[in-house]
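*Asks:* Combine both chains into one complex, guided by the hints.
Chains A and B are the protein sequences, given in the same order. Each step along the first sequence adds one to the number in the working numbering, with nothing skipped, and position 193 is 193. In the working numbering, each residue carries its 1-based index in the second sequence increased by 1000.
Hints in this document: simulated from the structure, not taken from any laboratory. Cβ coordinates follow ideal geometry from the N, Cα and C atoms, glycine included. Check before you lean on any hint, since a few could be wrong.
[Claimed, not checked] So the derived list for chain A, only partly shown, Cβ under 10 Å to chain B, looks like this:
| # | residue |
| --- | --- |
| 1 | Gln23 |
| 2 | Val110 |
| 3 | Val111 |
| 4 | Val114 |
| 5 | Leu117 |
| 6 | Leu118 |
| 7 | Phe121 |
| 8 | Val157 |
[What the hints assert, rightly or not] What follows is a list of derived Cβ distance ranges for each label pair:
| # | chain 1 | residue 1 | chain 2 | residue 2 | range |
| --- | --- | --- | --- | --- | --- |
| 9 | A | Arg112 | B | Leu1079 | 12 to 22 Å |
| 10 | B | Arg1032 | A | Leu43 | 42 to 52 Å |
| 11 | A | Ala149 | B | Gly1096 | 18 to 28 Å |
| 12 | A | Leu18 | B | Ala1092 | 49 to 59 Å |
| 13 | B | Asn1009 | A | Leu86 | 53 to 63 Å |
| 14 | B | Leu1089 | A | Val188 | 47 to 57 Å |
[Unchecked claim] Take a look, some chain A residues computed to stay more than 10 Å from chain B by CB distance:
| # | residue |
| --- | --- |
| 15 | Ser22 |
| 16 | Thr36 |
| 17 | Pro47 |
| 18 | Val59 |
| 19 | Phe76 |
| 20 | Thr77 |
| 21 | Val85 |
| 22 | Arg172 |
| 23 | Arg173 |
| 24 | Phe233 |
The lines below spell out each chain.
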Amino acid sequence: MKRALTIAMLVLLAMPLLYAMSQLPPHGSATSPAYTHISPRYLERGPEEAGAENVVTDVILNYRGFDTNGEVTVIFTSLAAVLAVLLAGRKGDERPVREPAAEPSPPSVVVRFVVRLLGPFVTMFAVYVIINGHVSPGGGFQGGTVFGALVILITVVLGRSVAEKLQPLGVRRILQAAAPLTFVAVGVLGLALFGDYLAFPRDEALAWVRTSWLMVIEIGIGVGGAAIISAIFWQMGGDR
Amino acid sequence: MSAFEALTNALAAVLCVVGAFFFFVGTVGILRLPDFYSRTHAATKCDTVGAGSVLLGLAVLEGFTPAALKLIALAALVLVSSPTAGHALARAVYRGGMAPWTRPGHRSGGEPK
Chain A
1 MKRALTIAML VLLAMPLLYA MSQLPPHGSA TSPAYTHISP RYLERGPEEA GAENVVTDVI
61 LNYRGFDTNG EVTVIFTSLA AVLAVLLAGR KGDERPVREP AAEPSPPSVV VRFVVRLLGP
121 FVTMFAVYVI INGHVSPGGG FQGGTVFGAL VILITVVLGR SVAEKLQPLG VRRILQAAAP
181 LTFVAVGVLG LALFGDYLAF PRDEALAWVR TSWLMVIEIG IGVGGAAIIS AIFWQMGGDR
Chain B
1001 MSAFEALTNA LAAVLCVVGA FFFFVGTVGI LRLPDFYSRT HAATKCDTVG AGSVLLGLAV
1061 LEGFTPAALK LIALAALVLV SSPTAGHALA RAVYRGGMAP WTRPGHRSGG EPK
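Isolated chain B (complex conformation) (with noise of 0.2 Å):
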């Protein structure tokens, strides 16, 4: 194994692990987060962080292919289209009239509408 080829497998490696780590992280605060506007949050943390290192990490895996282009372009897709389901749930929940979770008893910012 060259220099070369240790340090992409080592870049690899590391942006997988950290794709898996936004992943995990996502999924404990889909489960933990107290409410709608957080949970979404945190759900679109696994697409575009999680995902994005991670399809990134295997085109880095993966060298100078056609193969690499195409995962670089999913990429692209799911760091284009997660954020905007996202924006487009929680701007339909907010109108819809649900105020997002304050800390009992330290009521701040406005309320919606």
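Bound conformation, chain A alone (with noise of 0.2 Å):
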């Protein structure tokens, strides 16, 4: 019965999607809108209208702001995911923290010592990447998982409790939904002040405005995705 009902639920979303792709142009088509007019239009005004010198930021954060607020939700929910597949059966929220008791090989010195001294450097750049995506290549997706990475170094090297401090207990559910979260609320921000979901403002004298929500959701996202990539990795046990 479940499957049955799964798979009349695939169906039905699969024929309005089959249809959409067949009005589609052809694969290639040099009259394609995206040849004729969306790109060149793109490029050329894309940093005075959307609000990022970067065009590529301008592209997936206000053009087509929409599907990569989709994006931060699907992200958001293959954590979901993996931790529903992970703790099935399992009591309690997530795995307490467990330090190994008898330690079978002490961490090395020089490592603690590195990864110390390069523990800052790295959140430098992580901040550095995010906050510069709108003029440069980078941006929250990419910056979110340099620090992600880190926050993994520091468990395997330093131990989980170290790296754990870095995410406290009680605002974690919220840090991992920092994307879809900061994206929802600039879109309801735009609904209100200008009538849309993820409206941005138009007027010429409003061009900080753009920036600086467009900053907003690169630094959701980079939290967001450091946040989910480090509570992957925990709940795979990443720790031992």
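*Replies:* Right, here's the structure in full:
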């Protein structure tokens, strides 16, 4: 019954998608809108119109913000799915912190020192990539990944209890949902002030609003991405 | 081209060639050396001396610019991180109980553990 329902839902979902696909211009067609006027418009007007010097950021966060909003929700859903699978049949919220009782091999002094030494620089680079994403290649996804990698490194070398201090238990769920939450917050702000979900101000005088909203979304994506990467790593028992 | 420019260009070229040489030696080492420890040793040469020299050479070529500073920061990063990675690898394998290779019939040095 459950399976039949699943199949029915998938078929129902597939039909409109397949119909929409059949209406797309043929692949590689020179008359497809992407080649005739959309890409040139992005390249020519992007920086002044959408709020970021980097056209890629303009496209993913402003022109196609709705799509990216769905994307960050998918990333958050993937964490929920990992937790659902790994916690199935287990009691409690998440696995408790377990420091190995007998160290099979004490952590190397050299590695510990180097991780402590490089940690602040890695953090600075992650913040730079997030903040600078509106001028140069980078942004929330990339910077968040850099910081998530640092959390994994700290977990492996200095132990999970040290790494977990970066994400206090009380706010961890909120940090993990930071990307969709900030996206929705900015979207609703646009709805309230300018009448459309994810609407950015068009006025020339309000360019700083566009840029700062993009920045807020970038930071949200970065924080959420880092929290999700480390949560999945911890949940898979990466600390052992 | 001024004399200073010629000098820095020559220095940059020498550094880059030295770097390429160490990359070559490291690659040969990874392919030819007999066991894990000596191959790890060869591999870290690529990053430290090889990439270090090439990056320094590029920084010399760049002159006194922010880009040169970034290149030097990169060189410092590989100089710190690559030996650490090599150390961690070799240490983990040694503690795992793998005996280093010795020449057949030339038993010297202690067995691990």
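*Asks:* Now tell me, hint by hint, if it's right for this structure.
*Replies:* Status of each hint after checking the structure:
{"no.": "1", "hint": "Gln23", "result": "48 Å, violated"}
{"no.": "2", "hint": "Val110", "result": "5 Å, holds"}
{"no.": "3", "hint": "Val111", "result": "5 Å, holds"}
{"no.": "4", "hint": "Val114", "result": "4 Å, holds"}
{"no.": "5", "hint": "Leu117", "result": "7 Å, holds"}
{"no.": "6", "hint": "Leu118", "result": "7 Å, holds"}
{"no.": "7", "hint": "Phe121", "result": "8 Å, holds"}
{"no.": "8", "hint": "Val157", "result": "9 Å, holds"}
{"no.": "9", "hint": "Arg112(A) with Leu1079(B): 12 to 22 Å", "result": "18 Å, holds"}
{"no.": "10", "hint": "Arg1032(B) with Leu43(A): 42 to 52 Å", "result": "51 Å, holds"}
{"no.": "11", "hint": "Ala149(A) with Gly1096(B): 18 to 28 Å", "result": "25 Å, holds"}
{"no.": "12", "hint": "Leu18(A) with Ala1092(B): 49 to 59 Å", "result": "51 Å, holds"}
{"no.": "13", "hint": "Asn1009(B) with Leu86(A): 53 to 63 Å", "result": "58 Å, holds"}
{"no.": "14", "hint": "Leu1089(B) with Val188(A): 47 to 57 Å", "result": "50 Å, holds"}
{"no.": "15", "hint": "Ser22", "result": "50 Å, holds"}
{"no.": "16", "hint": "Thr36", "result": "39 Å, holds"}
{"no.": "17", "hint": "Pro47", "result": "23 Å, holds"}
{"no.": "18", "hint": "Val59", "result": "27 Å, holds"}
{"no.": "19", "hint": "Phe76", "result": "32 Å, holds"}
{"no.": "20", "hint": "Thr77", "result": "34 Å, holds"}
{"no.": "21", "hint": "Val85", "result": "30 Å, holds"}
{"no.": "22", "hint": "Arg172", "result": "29 Å, holds"}
{"no.": "23", "hint": "Arg173", "result": "33 Å, holds"}
{"no.": "24", "hint": "Phe233", "result": "18 Å, holds"}
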